[in-house]
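S.K.: These protein sequences, in sequence, are chains A and P. The opening residue of the first sequence carries number 1 in the working numbering; numbering runs sequentially from there. The opening residue of the second sequence carries number 1001 in the working numbering; numbering runs sequentially from there.
Don't take every hint at face value.
Restricting the straight-line Cα-Cα distance to at most 27 Å, the calculated cross-link-like pairs of lysine-lysine (BS3-like) are [what the hints assert, rightly or not]:
1) K1644/P - K21/A
2) K1730/P - K348/A
3) K1074/P - K1231/P
4) K1084/P - K1231/P
5) K348/A - K1668/P
6) K1644/P - K296/A
7) K1717/P - K348/A
8) K1291/P - K1231/P
9) K1400/P - K1468/P
10) K1089/P - K1222/P
Quick caveat, the hints were computed from the structure, so don't treat them as lab data. Just so it is clear, the structure is predicted and the values come from calculations on it, not from any experiment.
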Amino acid sequence: MLPLSIKDDEYKPAKFNLLLKLSGWFRSILADKTSRNLFFFLCLNLSFAFVELTYGIWSNSLGLISDSFHMFFDCTALLAGLAASVISRWRSNDSFSYGYVRAEVLAGFVNGLFLIFTAFFIFSEGVERALEPPDVHHERLLPVSVAGLLVNLVGIFVFQHGGHGHTHGDGGHGHSHSLFNGSLSHGHSHGGHGHSHEGHGGHGHSHDKHGHGGHGHSHGGHEDSHCQNELQRPGEGSSKQILQGVLLHIIADTLGSVGVIISALLMQKYDLMIADPICSMLIALLIGVSVVPLLKESIGILMQRTPPSLDNALPECYQRVQQLQGVYNLQEPHFWTLCTDVYIGTLKLLVAPDTDTRWILSQTHNIFTQVGVRQLYVQIDIAAM
Amino acid sequence: MEEKYSSNVLSGKLGMVEVPDSRLTRYIVLLILSKILKALGIFESYDILKVVHIVQFIFILKLGSAVILLVFQKPFSSGKLISKRQWIKLVKHAVLSCVISLLGFFGLTLCGPLRTLLVFEHSDVVVIALLGVLFTNSGGGPSKTRGAAVFIIAVICLLLFDNDQLMAKMGDHHPEGHHDSALTHFLYTTIALLGVADHKGGVVLLVISLCLKVAFHTAARKLSVEIGGAKRLYALDNLVSAAVLLPWVVVLSATTESKVYSWSSLIFPFGMIIFSVMILEFYVESICSAKMEAPRCARYGSFALFLSAVLLANFWTHPLTDQLRSMSKPAQQVSTEHVLSGGVIVSAIFFIMASSILSSPSKKGQKGTLVGYSPEGTPLYNFMGDALQHTSQSLPRFIKDSLKQILEEYDSRQIFYFLCLNLAFTFVELFYGVWTNSLGLISDGFHMLFDCSALVLGLFAALMTRWKATRIFSYGYGRVEILSGFINGLFLMVIAFFVFVESVTRVLDPPNINTDMLTPVSVGGLLVNLVGICAFSHAHSHGGKSCPSSDHGHSHHGHSHGEHSHGGHGHSHGGHGHSHGSGNGGMNANMRGVFLHVLADTLGSVGVIISTILIRQFGWLIADPICSLFIATLIFLSVIPLLKDACEVLLLRTPPEQEKDLNCALEKIEKIEGVLSYRDPHFWRHSATIIAGTIHLQVMSDVVEQRIIQQVTAILKDAGVNNLSIQVEKEAYFQHMSGLSTGFQDVLAMTQQMASMKYPNDGTLIM
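Okay, chain A solo, but in the shape it has when bound (with noise of 0.2 Å):
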């Protein structure tokens, strides 16, 4: 009846040649709909730097050689996003018991950093060119940035647009799941519960592609595992954290080309030598500040902060169980984020000697259920007499 655990060294995979390696990436990121996107608007990306490359080295021209450098460094935002998506599925081990969910929340820290990293170094070439004006060749700044403008525009439309025919296409998969166990189809509801508070898509998308991920794994057990499989497996990571940070990229991206477009037409219409780098502080200001949100929060997860959704609920969380008949005293409570939307949660009750430990389980478990954490650890102590 009960499930055993299993040593399951089977999962590691043996040592493929590289080709087959290439092509499972390749399908694994094809399958789903998120590092679809990604990788798609990646390849844009690199065949637009490339052509701007070769060009420019045909051309023998720095200006451009350095811009697509520059695009180089940008698409690594775009690289690890792609990275941390198919990381994510990846299942868990010995080693990782989590799983590698966490990859996506380290994704939008990497990508807040390095937009906090290129604003600061826009601003600071601002400043100095502010102190000193420089001779800005803008013949041929407006093609450059105009054709960027619009490979970023084409960016900003698919991850939004993309994520909203997404939602639509995930209803009907989730529920065909949902033959084979009934909580996928939960999971789906909850996905787009999630997703009120999230301006852009993709979000209930990358639930389905987690829940694939748990499926699969849960096969390996009982059918009796199965459903405490779902409990316990982050059944709905969804990408939120990727997905934001890219999405920032990609606006920063686009405002750099709209502060170089307007600067430059002011700069041949008005001979404002000022409006470059006034343009340009005033971008890098905004991705300062529009970056931080996303990196406060990322931190907080990568602290074990306690979930901020949860600070209210946790106190009165604390006090029924409190008032639970034969609890003395609650300690070390716990909680934290795994990633958008699991929680977890360590508590230890120490209760009277003479209690029904199991109701108290149960009780603690389904109050805690009630605010959301999925996954809760219950160490109870009996007191000495």
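We have chain A; now place chain P onto it with these hints.
M.R.: Coordinates of chain P only, in the frame set by chain A:
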């Protein structure tokens, strides 16, 4: 969190009664607008003063505003009659105000509109607070002292670091060419006696006249009550001072020929100045100080004024504005404008800070200061009245406290000393750069400052790690050091990437580098960084035990070797760290990050020196980019292990060094009597000292749970897990839970429903 509590009902009630902001907004907007107009007016009057004699200028101002005020205020027809003694007082008052405005405008001609606005236009509240700090004992607490210090720094900045080249150039002869009157001549010679350049003399003059102005305003308060209102006094004062100035103006225009070609073209600018500087500002200020408290008024006003002054100073000489102005004014000769230098901007920032600090209300303690949070998370306030109120933490004490904290531990002490060294070097460089006005040095100094940010981050992380766990961060802040190491590593990656890219472009097209300036600075930087490497690597080998890493060669290669063995060491240490203590043996991620950063800097300096030598000796221009390519790759490689380790921790990996022990422990747990199985074992490293773990145990229904918990805890503690929670489940419970878990979403949905129905949800419904 904090904002939420600070706007608590309690504190709101106890705090001073504040008028809602929405009603004040229009006054604030008005105030800001008037200040901007005033700045505009001052800039305009600087231009006019180039052609019009100062006494004539003041006369016209006073006369114009007197005429307008007579129309509005009607000082003669309204109010009570003015006695003869009051008239005499009024004349004295007018003479004084003439002298002060003479000094003020003379300062304007000397040091330009921006500096005048910065120095002369402080509101009385600010100056009184400043003087109170300087000359009395009870200045009003540490924050006021801080404000005064900032103010003085700003003045000193203006005096010393303001490289007004134009004025320095013209220091020998007077900008006006010849002196129009004995008075101007007298002032010039006085300043020349002081032995400072003209604009600096102007600053001194303005500071003195600022003090005079404040004293004058304070003294005039009594008179204004006697006369019947400040507005009436102002109107009469303008009239009388115009009368006082009249004879002088007559004599002046009789003796000297005027430089003005057509007075008619000056009517519009004069009207604008009279309106913005003399009238609008006076009315708006009096209205605003009636509506809101004076300090607040002063804060917004001076902020707007200084900011608009800086912006105007930037745009005033711009071709576009010149174009605009040329429509309304005759074109002038290439004017003697005062340039906007770094010193002025710095001092403007300082002035803004000073005026906001000095004008902030000093009684913040009334609100009940937030003392902290109780363990349950409720905020604790300190409501002890005046006796215990502390307005702001004294800066010296704060510094002392944090210094003590920093010096307590080896890591942070090391970082701190090195930071000091680095900062000192940077400041020397910056000062020297500003002094000699060399842009290269200044930009290098800023680059150094930027590097220091990594050190500051490391220091901060080392401090923060020691913070106690709070309700929100229930595991403590130990992760900060890993995050900081991660950020530092990423940072280095970005830098390496940029260096790489730039050197690639340079390989394609090697630029001509002038090698003269590079060497001394980079040698200095190298020395500083070498010290840092010694310090940090000492710490390193100290913690990591014997490691043959003492090979700090003299050549570049030797360095790269040392660095590699370091990196390798750090990595392998991660591999078998358990062998010497599960504590914080070895270097933590934070220190590794800082160390790598310093190393990268050192490599950079070495690269610059080598490439300089190569270029000088052999003329290989390509040496520079190749060096940087090489260095970028080195940095890149050395950062990877750090990043990998940090990533593993952040991804909640089972600690690699404990993995084997944990597996053994799990096997042991399975063999404990009564344990059926375990599931979901999660072990992860939270910080250097904390390894957290959770596990579910399924036990037979007839065993004593407490005994099993103790056994398992003991076993896992041996394996290094020190923050453990074990959930023991018996068979019946497990069945129940599996029934429950199917409906996890049901529970959620039901909860929401219940919440909407206000149904007493005690969770027993699902059972």
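S.K.: Does each hint fit the structure? Answer for all of them.
M.R.: Here is what the structure says about each hint:
1. A threshold of 27 Å between alpha carbons decides the hint, and for K1644/P with K21/A the separation of about 22 Å falls inside it, so the pair holds.
2. Of the pairs offered as hints, the one joining K1730/P and K348/A holds, with about 17 Å between alpha carbons and a cut-off of 27 Å not exceeded.
3. A threshold of 27 Å between alpha carbons decides the hint, and for K1074/P with K1231/P the separation of about 10 Å falls inside it, so the pair holds.
4. The hinted pair formed by K1084/P and K1231/P meets the criterion: a straight-line CA distance of about 20 Å does not exceed 27 Å.
5. Straight-line distance between C-alpha atoms of K348/A and K1668/P comes to about 23 Å, which keeps the hinted pair within the 27 Å bound.
6. Only pairs whose Cα atoms come within 27 Å are accepted, and K1644/P paired with K296/A is accepted, the gap being roughly 22 Å.
7. Restraint check: the Cα-Cα separation between K1717/P and K348/A comes to about 17 Å, which is no more than 27 Å; the hinted pair holds.
8. With a C-alpha separation of about 16 Å, the suggested pairing of K1291/P with K1231/P holds against the 27 Å cut-off.
9. Between the alpha carbons of K1400/P and K1468/P the distance comes to roughly 20 Å, so the proposed pair stays at or under 27 Å and holds.
10. Restraint check for K1089/P and K1222/P: satisfied, since their Cα atoms lie roughly 11 Å apart, inside the 27 Å limit.
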